[in-house]
Structures are given as C-alpha cells and as structure tokens.
Amino acid sequence: MASLELQNITKTFGKKIALDDVSFKCKEGEMFCLLGASGAGKSTCINVISGVVQPDAGKVLLGGEDCSDAFPQARNVATAFENYALYPHMTVRENLLFPLNSPIRKKRSSKAEKEARVREVAEMLGIQELLERHPQELSGGQKQRVALGRTLVRRPNMFLLDEPISHLDAKLRHRMRSELKRIQREFGVTTLYSTPDQLEALSMADTVAVIREGVVQQIGTPDEVYYKPRNIFVAQFLGDPPMNLLPVDYQGDFAVVDCQSPYKLPIPRKDQNLLNEKIGSCQIVIGVRPRDIRFVNPDDPSALTKGTIKIVETLGQTTIVNVQVVSEEIKVKTHTDSVPKVGTQIGMAYDLDNLYYFDRDTSLSI
Amino acid sequence: MASVELRNVWKIYKGDVEAVKDVSWKCEDREFFSILGPSGCGKSSSLRMIAGLEEISKGQIFFNGKVMNKMRPRERNVAMVFENWALYPNLSVYENIAFPLRARNMSKDAIDKKVKSAAKFLDLEPILNKNARHLSGGEMQRVSIGRAIVREPDVLIMDEPISHLDASLRARMREELKAQVSRLGVTTLYITHDQVESMAMADRIAVMNLGETQQIGTPLDIYHHPFNEFVAGFIGEPPANFVDCDVLQEDGKYSIACPAFHFELNEVWTKRFTTNSQQRIRLGVRPEDICISFIESANCCGLEVDFVEIQGDRTIITLKVEDRLFLSEVLGDVRPEVGQTIYVKFNQEHIHFFSLEDGRNVFFDEEMEN
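As given, the protein sequences belong to chains A and B, one line each in that order. Start counting the first sequence at 1332; every next residue gets the next number (this note's numbering). Start counting the second sequence at -9; every next residue gets the next number (this note's numbering).
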C-alpha cells in the first residue's frame, strides 16, 4: 500500500486545459474521491496517476517517491474501468489470472500459487461460484466484482476506479456503494475513484476533491464539503436538489432579496457579526438548502415570501416541490404528508440557522 | 388523444417463453402512466405490442375503446421517444422535427407551421437552425419530444428516456419532462426500471415483475401500501428491509419476535392479528420508518451498527439483524460509530407483514381501508 500525492499537475490537449495546477494528497489506506461533472478532468487525472498520460508539468508521488517518469507497469497501480473491460472470450478464472501472467510477473510465482491467489480473491469478493462462467453470463454487479478482483490479484500499491458504479442499475447502485467501501476497508488499499454523482462521493469517500474544468475547487471530508462549501459551485454540486441561491442586499439585521418581489430575510445575530467583519460589499448571495424551507400559510407571520406550487415530485417519504415566486423558482424538499396541490398559493419560512453566505463577485463562501 | 387499455394480454415467444402474462390495465386519456420493473419484467414487450412492433399472442389492446390488434404501427398514431433520443446528427433541429412530416408528404407550408408551433411550445425557437450534434442533453430531449409530438400522436411512449444520464442531469430532466408532458396534455406511457422516475412523474404506476403486473396505483398508494413483498422491496431508495418473525400472543397482546429483536404491536395491529391470526410472518419496514436513539427505552431493540453512509442531508445507517443487514435512514448529521449498539423503534403506522408462502401483503385490504 502507498500514499499518493499530485503536485501542481497541468495537462493540456491542444488548446483545452484538462488539468490546471492540480495538487492533492491521498493518505495511505484512504478512500479518496474525485467528484465532478463529465468533462471536468477526472479521467485525465486518473490516467496521469496510472502513467498512461504524461502531464505537461507537475509531479506524481507514490509512497513518497517521485514516479513521474516511471512507466505504467512499474507504478503497480491497478485501474478498473467504467466498462469493466473484461475479456469476453475468457472465463472469470482466466480473467482473474490474466494480470498474474503478464510478462513482468509471469515468472514470479508458480502456477499453484497463482491459482491460490485467484481463489482467495474470488472468495473475498463472493464470486467463487462464478469462476467458470463467461462475462456475458454475469450481471452488472458480478462483472463489477470480477473487474475489481482482477485489479486485486496482483496486490497493487493502489486502486484507481474510474466511475465504478455510476452506470449500474438504480437498485444495484446502492448495494454496490456499501459493498465497494466494505471491500476497500477489508483490503485496506489506498483507493482513488471518480464519479459525477455527489451521493456516491459523500457516501463512500474519506476525502472528497471537487473538481471543475480542471481546477480543484475544494478538498475535504464529506461533512466539510457538504456543510462548509468553499464556493457557490461546491455548494450547488453537493446536495440534491441543489441549494437555492438568493442574491441579496445585506442591511444589518436583515437582507433584502433582490428579485421581482423583494422581501426581507432576517439575519441571525451570530451571522451578522461574521458578515460585518468579513464583507466589503453589501451585495452578497445567500444560499438556502431545499430541506431548510418549510411551507406555511401565506398569511402566517413566519412566511418570508409567497409563491405558487409549480411542480411536485413525490419520492416516497420526501417530496421535491418547485415553487414559482414571480419569475424565480425555489426548490423545497419536504415531507410528503405536507405537500399542497399544484397551483396553490403558499408561504415559505426559511430555517435561518442554516443559511450560507457567498461573495457575489468571487462566489467564495464568506 | 386516446385512452389505452390492455385486456388479458400475453406475449409468448418461441420456445414457450412467457414474456408478458395476462396483463390488464387501462391508462386514461391524458394520463401519465408509468410501467415500472427490473430488466426482463416484460415492460419492453408490452410497449412493443402497444406500438404495434410486436404481435399480441393472446388478449386485446384498445385505443379509445377500439381494438388495435390488427392495426399496423403507422395506423395506431403512436409516437416514441427513445433512450438515446435518436436524433439525426447531421440535420438541423428544424429538419429533425420536420422529418416525420416530410415522410408523410405534407406540404411545405403546413410543415413549417407545425414545426414552428412545436418549437415555440418547447422553447426551441432560438436553436432551430443549430445542428443536432451540437445540442446539450436538455436540448436533445426537447427536440426528441418535438419530433414525437409534431405529428399529433394519440399516445406518446417514452422508453427509458433519461435512465442513462448523469445523476444531477437526470433530476433536472425529470422535472422538465414532467412539466412539458403535463403542458402537452397527451396520453403518455413511460417505461423505466428506475422507481424514482416513476414516483416523481407518473399519475399512476403499473409495477411489473416476471411478466406479471404486481400492482397498479398512484405513486403514494404503491409506496405506502405495497401489494406484495416485491413491490415493497422495489419501490423506495434505499430498499425496504425484511426479516422473518414469530407472532406471539399473550393476554390479548401481540408482539413480533425474531432472534435479533422483539417488540409489542400497537392496537391497530393487535386488532388486525386478532381477526386474521398468523404464526410466522415476514416483517417489512422502510429505512425511514426505523427511528434510532442512543438511549434505551421501552419497547425498543438494541442493534449493532455495521456501516454509516453520509449523504448530505440524510445518513444511512446499516444495522446487523441476525445474518442480514437492516438499513435505516435518518435526517441530519447523525454519526454513530461502527460497532456501537443503538436502539431502534419501528414506526408501526408504516410497517407491513407479508406471507411467507406467496409474499402477499397479508393485511393489504385492512391497510387500504384506513
């Protein structure tokens, strides 16, 4: 096992900057997540670590040693790809044996040792009954486990998983999340995985790096990136549905929301102190998570603003509601029992203890 | 516009493979009706029979009360929206939408009028001349719908239109699709394997498994009152938990016991068990109906924490129950330690009991009465 460090990695493809001065450190045995939309640079980053792509500048350190110039096979990094890349004409056993028979490993162990290793890994992954099957006879989740197994047999320094579960069936996705994490814990392998799905990032990672257009936006624990987003992008990327953003004019005790029907938003005292100290301009943006908005009677004194129910999405116990406030839309996540009908006039109360504040120009958190 | 009705429809492929078994339901005029099930449940075969792409082995399909069995696809006036949108990449948005009309030899003026009105409706006017290959996902979706509605179909069929998209995009598309379809007011059959999509968008859902309809109802009816174990396990994310239990009776009081826990039932359940006595039964409980506490109290059960999943505004805690795992969902940032014992209570208003023999919800009728 080894730690991984990227130092100021930059990579361009023609005019497009895929990675722009990317630095982060992934501790030994840690599960590290690269979270970003498609095209953010996640796959390029993984390819740089495995050595398939040469960066224009910067260093890759594995176990503290600079391996920027080392060939991929010398890095002993195992990659599992999004589409599994299993050999369709080989059985599961042959697929698992494959990396052990590569030219640089072929002579290292006897046939019996290799077989034993395959059996050991298959047992840990619960695929021992599938060894004689071909990939086309496996379900998505089983293929996933075989692909993982193939990376595990060679005892790699670290795992690289490129979008390991995003494309699985909805039902399977949840099971694979806890399963992957369990496997990672059991083997204790330093693991870096990429995903466009914020839930996958929050639920499995020890550390999350949010990346956008080749630039790392924030690195932190799941709780940090969710509760203390560094900027508007991170705040909106984590959380489903995304955080509501209200441009406001901050005036001390309250802020006036800058929209077609302006309303006052009382600001809690503790936040006032912080804002008075930190902000240069009164033009800021306030973020409210959909979960932190309650429906009340439009005439209720706690109603800060009024709107019309536009779209209702029932997801079982919770419901997501889009409320039209003149020309703007506010998203609310609420308990299904308290959802009004489409077209109803409704008042909204905000949970003022959980407001987020951002600078309007830099979009940084205040 | 039309209603769609399936009456005892079967699809039997060569070698006696029964893909669809005796399916009957009716989708009302202008309804958003979803067919939901895992792969291989028969939803695609059903859809192909409705569109006329596949012969009906047994039974009848009606549009507006008229038998469609012998009608050719083009005579049924059904429009389809596919998973990959299937746009012509080398044609402009305008030409893509106009395509089905040109195929019908419509006059130039008539086509122009129809395309423009569809474009206006779907907010596509600014990009009418753009090449289809340069569109964003959302734009492609709208063009695909535009192409489907421009010939004014009686029924719009959508086959997994958004299941393959990124999670965040999926959520946005869901919303847009629903808004567009409800504005169009066209009868819509929506096929998917993702229960979240059905729940979020459909007026009613037909849940299918192994070729058979399991339950038909509104999203909330199905969610709160599953007809059988399959429906209870398929609807909801994370899925519901199940464990086999003994039903114990003492002094007119009923309790539920399995090796990992036992708890007393409330009055409502006591009454139900009195009239319908059971001995072994499968308890089903949704993750959000397991309330957790760090302190022991009356009628609660202590369980060991196996795994903690952070999900932003909610936390999923996996608990050990005998040789299986129970998932519980808690709002907020609760962070128990792995290995710690926490105390749970089940929200008895929302628990269900299933038969060990056939998986049926034993008290389905009683649940629906309340």
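Derived from the structure by calculation, the hints contain no laboratory data. Values in this document were obtained by computation on a predicted structure and should not be read as measured data. Note that CB positions come from ideal geometry on N, CA and C, so glycine has one too. Be careful, since some hints might not be right.
[As the list claims (entries may be wrong)] A few chain A residues facing chain B, derived, Cβ under 7 Å:
#	residue
1	F1344
2	E1460
3	G1471
4	P1527
5	S1534
6	G1551
7	G1570
Inset, instruction - So, G1471/A near chain B? Judge it on the closest CB pair being under 7 Å. - result: Cβ of G1471/A sits 10 Å from chain B, so the hint is violated.
Legend entry - Interface hint for G1551/A, Cβ within 7 Å of any Cβ on chain B: violated (12 Å)
Inset, instruction - May I ask you to test the interface hint for G1570/A with respect to chain B, counting a Cβ-Cβ separation under 7 Å as satisfied? - result: holds (5 Å)
Legend entry - Per-residue hint verdict: P1527/A, partner chain B, C-beta under 7 Å: holds (5 Å)
Legend entry - Minimum beta-carbon distance criterion (7 Å), F1344/A to chain B: Not OK, violated: F1344/A not within 7 Å of chain B, min 19 Å.
Legend entry - Interface hint outcome for E1460/A [beta carbon to chain B under 7 Å]: Hint violated; E1460/A Cβ to chain B Cβ min 18 Å, cut 7 Å.
Inset, instruction - Let me know if the C-beta of S1534/A comes in closer than 7 Å to any C-beta of chain B, holds or violated. - result: holds (4 Å)
Hints 1, 2, 3 and 6, counting from the list given before, are not met by this structure.
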